[in-house]
Structure formats: structure tokens, C-alpha cells
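Asks: Listed below are the residues making up each chain.
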Amino acid sequence: MRELVVIGNGMAGVACVEQILKFQHDFRITIFGDETHVNYNRILLSSVLAGEKSAEEIVINDIDWYVANGITPRLGVRVTRIDREARIVNGSDGSSTPYDKLIIATGSSAFVPPMEGTDKENVHVFRTLDDTRALLEKSRPATRAVVIGGGLLGLEAARGLQVQGCQVTVVHLGDRLMDRQLDPAGGLYLKRKMRNLGVKVLLEKQTTHVTGNGHVRGLRFLDGEEVEADLVVIAAGIRPNAQIGRDAGLAVNRGIIVNDHMATSDPHIYAVGECTEHRGEVFGLVAPLYEQGKALAAAITENPGIGFQGFLPAAKLKIMGVDVFSAGRIDDSDPEVEVVCYEDRALGIYKKLLVRDNRLIGVILVGDAGDDHKYAAWLRNNEDLSAHRKHLLFPPSTHDAGLDAAQMADSETVCGCNGVTKGTIIDAIHTYGLSTLAQLKDRTRASGGCGSCAGMCTQLLKAVAPGFAEEKQKVLCACVPFAQEKLKDIIKSQKLKAVQDVLDIYGNGKGCEICKPALSYLIDVVNCGEHDEDRSARFINDRVHANIQRDGTFSVVPRMRGGITTPAELRRIADVAERYNVPMVKVTGSQRLDLLGVKKEDLPKVWADLGMPSGQAYAKGVRMVKTCVGTQFCRFGTQDSISAGVELERRYENLFTPHKYKMGVVGCPRNCAEATVKDLGLVGQDGSWQVVVGGAAGKGVRKADLLITVETTEEAYEASDLFFQYYRENANYLERTYDFVERLGVEKIRRDTVYASPEIKRGLIERLRKSKDRSYDAWTERESPRAFQFVQIQIGSKEAVLA
Amino acid sequence: MSWTRVTESENIPPREGRTVRFGDLSIALFNTGERFLAVENRCPHKGGPLADGIVGGTTVTCPLHNWKVCLESGSISKPCQEGIPSITTYPVMVADGVVFLKIV
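Chains as they are written, first to last, in my numbering: chain A, 1 to 803; chain B, 1 to 104.
Don't read these hints as lab results, they were simulated from the structure. The model shown is predicted, which means the values in this text are computed figures rather than measured ones. Please note that a few of the clues may not be correct.
[Stated by the list, open to error] Distance condition first, Cα-Cα at most 35 Å in a straight line; then the derived DSBU-like pairs of lysine-lysine:
hint, chain 1, residue 1, chain 2, residue 2
1, B, K68, A, K497
2, A, K699, B, K102
3, A, K497, A, K586
4, A, K492, B, K46
5, A, K660, B, K102
6, A, K53, A, K770
7, A, K474, A, K586
8, B, K46, A, K462
9, B, K68, A, K660
10, A, K191, B, K102
11, A, K101, A, K120
12, A, K599, B, K102
13, B, K68, A, K120
14, B, K68, A, K474
15, B, K102, A, K488
16, A, K605, B, K68
17, B, K102, A, K474
18, A, K586, B, K68
19, A, K495, B, K68
20, B, K46, A, K586
21, B, K68, A, K486
22, B, K46, A, K699
23, B, K102, A, K605
[Unchecked claim] Listed below are several chain A residues computed to face chain B (Cβ distance under 8 Å; list not exhaustive):
hint, residue
24, L21
25, F23
26, L188
27, K191
28, N303
29, I548
30, E781
31, R782
32, P785
33, Q792
[Unchecked claim] What follows is a set of in silico ranges between Cβ atoms, one per label pair, in the way DEER data are often shown:
hint, chain 1, residue 1, chain 2, residue 2, range
34, B, R5, A, G700, 23 to 29 Å
35, B, P14, A, L285, 22 to 28 Å
36, A, D777, B, R5, 17 to 23 Å
37, B, P14, A, D777, 24 to 30 Å
38, A, R389, B, P14, 30 to 36 Å
39, A, E530, B, P14, 20 to 26 Å
40, A, G165, B, P14, 47 to 53 Å
Yeah, the Cβ is synthetic: ideal placement off N, Cα and C, and Gly gets one too.
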């Protein structure tokens, strides 16, 4: 066996080793890494900082992988010297390790521009998992964080810190963000997006001093201006870690010089990744490193092909909802270059292609980078665009959705984050019988990074997987064109708590009557009510807690749990009806009383005089529980339906749901309170309850499905809790339970609720409790109405009077 | 007619509307988040109270049947039926944090 030593346990080094393992070889492999962690996905550190992923989730190869492949990991050991004569490397632990072949994969370090005071406390770079952990530790709500550098890494760091609650400013030397990848217009679009996110952007600022006494206090710029800062992150670029090669006497320029087979000037030593320089280029992105790794693996195992042929610069920003992709050239000053451009200011979309001699030479996509694979392929293959010329930026009307996938070579990378090729994906689909994106992600890691290749992965599944069923993804509305499922992810991961923020960042900034109430609901359910409700985004009913009628008056329905009332309540209702000249009092189908035709300005007084809680008869929320008399009086009753109904109503009242939520409890199968056509019903039997869900007696009539039969009332409540919260979290806004249950199928709902693992059940119940604890009776707002919430402003003869 | 004082601008939260009564006239006054705009408080469809509608940009949606009214021009943008006359708009001015209306 020959000894192969790899210096560097990063993405490039380990990806290269993975390639070597695919060949027949006779190496015993040792990998040195100066970080103490196993190999992780460095480009996802920004996702860790943003709280989207945990440190564990970005591990690429856990320790089992090293063991299984007979690789000796030497973690936490830095290689200090290469003795080329003796073919030995010396480690920082005093060890000497002989090698027959050596691979240098030392990567790069954060570049810290010359400035004074970088040794102060709370000045960080953003390069390693430890850096990330330190930043997470120090970023607290209201921390003023300044990021030096408006490139890919700087912007991702900025967003991550902001999600942690910091007030973030990005300071950039250039005249636009990502100036190496974007033209001025693209830079402007990106700046607008970042500002909408709430990140402040300062351009053309050269930092000269980090100010403060021990602790950082702020930054001073060349023009004399200053900003205050509690935390400074330097993300101003990277420098190849080439010193070890230089010390060993290898040919080194900016990086360690390698040929197409990744060999250095010493035939026993190879180099790969960010520490190298190939044909005068150094690389700082992951995709070329994989290509280098393949070339090196082929060469070192004596299977050399054509080797590494360089790589087109391509960059993709990984900030959820802020799509930026750039590849190839950005300079369009050459008169030979033709520009094809598309802009949508309201949605913040900017697309620009540079074409010369009918070939794509550069592409910039901001706001919508869905087609990046197509353009990357055109660039790479130097494709003749004559046939596409009329629809470069849009698909032709009879677009074959599978065409892009079909045109891709098997060796082409689909998932840049995890280096998964089309061939690997197709193999996995066949080998493991995959049919969904989630399965594909589990198996291959494809789309598990930034997620931007999910579209291409889905296309491949569609083209190849026999069992593929398209996941229905209906976009919420044109103002914020994402599916509700995606919006929920965005709200959760980006910790959004205001409707307008979602619209500003991910939509057209305006919103409409369709998306605003939906977003209000999603924010409420994701945050379990822990947010400041934006009343302006809600329908008038939810702003004044009453149901608007055709003449602009309102209906008032007090809560009467289980349909049970008292003589005193009835007297108060009668008094209120007379006192406010209520035109109609009606018994509703929900076993309660409706006062119709109340003027908006009378609402707070009516509520006060009623002295009863809101029945939420106006809301997409919990309405009521209809009950029969049950064992308390009925001679046929087998269960105490009234007590159960009152308790059920108490459990959920004041909570919002995707659509209205009506319940029924009956004490025997005669079903007098029609529990089997309610969103949730409890049907009492002798010694047990049937819990039924998804019933309807509205536009359509649907008999509810049996969720489970349980013996005790407590168990019936638990099953109700689980279904209720599951519906709240998984239904689309305005989807009634009868559509929801039909769509998912009651078997799946059972699996995910009553038959789920104790952990999942606990999660549902805890989130329900959390929401319930924060909910309150809306009619208590009578005590502290917002300005003119209920009254009209009178002007003219009399001066306007405040409410 | 001259400018009439209505109320402090902070009394109308961003992206909400309020009803302003001037004798028999009912006016819907809006804070779009960027500026204040006013139209007659009556949807041309079935007379719905526009002040109670949801505001998106400079459009309000009537709470009764979702007709959309442009707050700048008073024109009806949805449904796209020809020949629906625009509704009246009123000039609004904000000075020193106070909203004024000009009711001609």
C-alpha cells in the first residue's frame, strides 16, 4: 500500500478523496484537518447563521464515513511543514507522517483589508464553523452589527445576523453590491431587495479604523464618516492558504500553481481547491472545486483524462427569497455585445443576458433565478442561440418542461451546494424507487443546500420516476407569487412577524385582499400568536370583531358555549337589543343568538352591555360547538355531550384557523346535534367516543371521516387537539376541513396525528398550548379601542373629536 | 372651499381607512403607508363602505364584493366592465402631522 496524505479536511480535499475512492487504488489515506470538526459544508455556514440549519445538518461526512473507508482522520492537527526530500509532513502535534503522494487542500482564509483596530473584541471574520458559532453567540436582538464587504459572503452574513435580531449595516468598498458579479442596474435591484429586508447598505466606503476601547464601538471611513457598531464582521474576500507550498519550495503565485491534472511543480504533490492557481485563476466557489477534485482523482490513480479545463465564473446568492445568479461576463461596453433585458420593478425582477455572435457570454438574474441552469448550460456549451433567439428570457409557448433536463449531460452538476450530478440523481431514482423531492433529498442530498435546484430536481423526477406525482403548488397570489407551503417556510426560517415585511421582501410591496388575510393567518400560526398583529392586513370583520352586512352594519353573536345560556344572559341580550334598536334578533343554526344590524360605532358599547365574550362568528376561526342534551337530561344519552361540548369550545375559542371551524358533540349515535357534518365531531357511544373529522353541511354535504374511537373523554379531547392543530398548520388558508381531509386522505391524517410518534404529538399539543396562551377575547378591545377603530370622524361644523 | 382639518395623521394607521362624516357626506380617508388619499365612501356596485376595505398600494378593495377602486383616480379597476363611472376623489393635505381635506 502507498501512503496518501491529504492536508485539509474541507470540502475540496474530502470531495477529492470521495472521487479517489471511486477508482481502483492502493492508497492508505490520512486526512489532516486543523479544525476539530468532521468535514462540513462550508457554503452552508450562512444557513447555520440564519438559523435555517443546525451545525449537524451541514455535516457532509460523519466519522463513520472515515471509518468505513479506512481513512485516518487527524482532526485538530495542523500540518506545519512539508519535507519534500524525506517525503514527510510534520504536524502541530509533533508527529511525522510519511507520504508517497500528497494532496494540499488547505483552502483559503478570510482576507482582512488593511485597517487599524481589527484586534478589538467583537471583530470577527466569517469563515469557519467556529466563527459562525461565535457570531451566533454574540448576535442578540438590537445588537448593531456591521458587515464589511458587500459580496456573496458579506450579504449572506448580513442576512443571517439580521435573522438573529441584529440591526445590520453592510459597508462596501465598491459602487454597488456584488460588483464583481452584477452590473449597475442589477446592483441597484439587489440593494433595493436588501433594504426591503431591513439591511442598511453603505456603498463606496473604505474602512480605515475600527474604533473603540478594547471593545469595538464603530467604524471610521476614509471620508471621515463613522458608523456605530457592537459587532463587526469582516467578509471582504478570501486569500489562498498557499504558504505551506511556498515554504516547501513549490511554484506558488497567488495560489499553489497546478497543471490541468492538479499536479504541482513536485510530481509527488498535488493540490486542489481554493489554495490553487490554475492558468492564472484562483477559485472561491464550490463548483469548480468538484471538477478539480475529479481531475485530481483521475490523475493520481493513473486514469488521467483531459484534466481540469478551467471553469466559468458563476455565483449564486443564498438568501431565501433574494434570488441572485450571475455567470460569465458582466461588461457590456463592447459594441459587439448585444444586451437582452427584462425588468419588473414592482416585483424586483431583473434579468439580463449578454450575447455575442449568437452565443451567450454573460447572464445576470436578480429576483428570479429559476432558469439559472439553462443559462449556465448555454454558457458552458457555448450553445448556438439561433433557435432560441426569440425567447431567450421566456420559454416558447409550447414549452416542453422536460427539455432542460433532457438537454443536460449526466455529468452535469444539478445541486451545486452538494455537488450532485444529473447522473447520480437518475441512478438514485432507479435504484431506490424514489418518487418525491423529499425522498430524493434524503437519498442524494440534492436540493438540500440552498434549495435553488429544487425545480430541476423535480423535472428529473417527473421525467424519470414512474411513481412521480406532481406536488400541487398553487401560488397564493400575484402579489407574492409563492405557494403557501413555501411562504410558511419563509416566514418560519426568516422569522418574519409582519405581513408588510413579507410583501416588501418577497412580493410587490402592496398586497391585496387575497394575500393579506392569508399572510396574517400564516404569520399567526407559524409564530403561535407571538407577533404584533397587523390589523390593516385583515378583513374588516377581524378589525372590528363583527360580521359586516350588506348595508355596512354588523352582526353581533356572543359566545354561548355548547349552546347553553342562562336567564340572566337572555335578559341582557334582550335589553341590548332594545337599547340599541337592533332590527333583528335571530336564533342561528349554531345554537346561539345573532343581533343583526348593529352600527359600527355601537359595537364596543354593545359588547360591554352584553358582558359576554365574542362568539367569533365573523372570523376564520373557531366558531362553536353544537351539542345535544346528552346524559344530563336525555333518556337515550350515553355520554355527557354538554360538558364535553363546553370544554371543547373553551379549549379552542379565540384561536384562528385556515377557515371557519365548527364542532359538534352528540351523546349517542342518533346524532341530534349533527356532529357528523361538522369540521370536528364527537359521537358518544356506550363506553366510547368516535372522533370524526372533515364533515360538511354547506355548499356540499360530506359525512365526516372517523379519525379514531377512544374510550375516555380525555382521549377524545387529545385526538381533537391533535387534529385541530394539524389542520391549523397544514391546511391552506381558506381550505375547509372537508377539502383538507379529502386532499390528504384520512389515513395520512391519522398517521400524522393520532398514530404519530409521541414526540410529534407533543409538538402539536405544545404549539397549540402556546397559541392558546396568547389568544384573548377580541371583545375586550372595547376597553382600549384603537384610534377611530369604531367611530366616524365628524368634521365641518364641529371640530373632529378623538375617540 | 378651503381645507378642513380632519384629524392627526397618527390616528389613521398605515394601510387603513377611516370614515369621515361631513354633514350627509361620507368620505373614506386612507393612509396608504406613503401618503393620504380620500374618495367618497360608497362603492359604485352596492354601496359598500370603502373605508372598511383592505388597502394594497393605492387600491382599496370593497369589503362587500371585492370591487377594486383606485384611490388616486377614483376609477374602478375590477371587475373590468366598461362604463362604470369613477367615484369622486378629494384632495388631501398633511401639514404638521394634521390631515386636511378639501371638500368642493
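Asks: Would you check the hint for A/K492 and B/K46, treating anything up to 35 Å between C-alpha atoms as holding?
Replies: 40 Å, violated
Asks: With a cut-off of 35 Å on the C-alpha distance, tell me whether A/K474 and A/K586 pass.
Replies: Status violated; Cα separation ~39 Å.
Asks: Was the hint right that A/Q792 lines chain B, CB cutoff 8 Å?
Replies: Constraint on A/Q792 satisfied, holds at 4 Å.
Asks: Given A/E781 as an interface hint, is the shortest Cβ-Cβ distance to chain B below 8 Å?
Replies: 14 Å, violated
Asks: Going straight from one Cα to the other, do B/K68 and A/K486 come out at no more than 35 Å?
Replies: Holds, at about 28 Å.
Asks: Hold the hint about A/L188 up to the distance rule: shortest CB distance to chain B must be less than 8 Å.
Replies: This interface hint is violated because 20 Å lies over the 8 Å limit.
Asks: B/K102 and A/K605: Cα distance at most 35 Å?
Replies: Distance of about 33 Å is within 35 Å: holds.
Asks: Taking 35 Å as the top limit, are the C-alpha atoms of A/K101 and A/K120 close enough?
Replies: Violated, at roughly 42 Å.
Asks: Starting from B/K46, check that the Cα of A/K699 is at most 35 Å away, please.
Replies: 24 Å, holds
Asks: Hinted pair, alpha-carbon criterion (35 Å max): A/K660, B/K102. Please report holds or violated.
Replies: 42 Å, violated
Asks: Could you see if the CB distance from A/D777 to B/R5 stays within 17 to 23 Å?
Replies: 36 Å, violated
Asks: Check whether the Cα positions of B/K68 and A/K474 lie no farther apart than 35 Å.
Replies: 23 Å, holds
Hints 2, 3, 4, 5, 7, 8, 10, 11, 13, 15, 17, 24, 25, 26, 27, 28, 30, 31, 32, 34, 35, 36, 38 and 40 from the list above are not met by this structure, while the remaining hints are.
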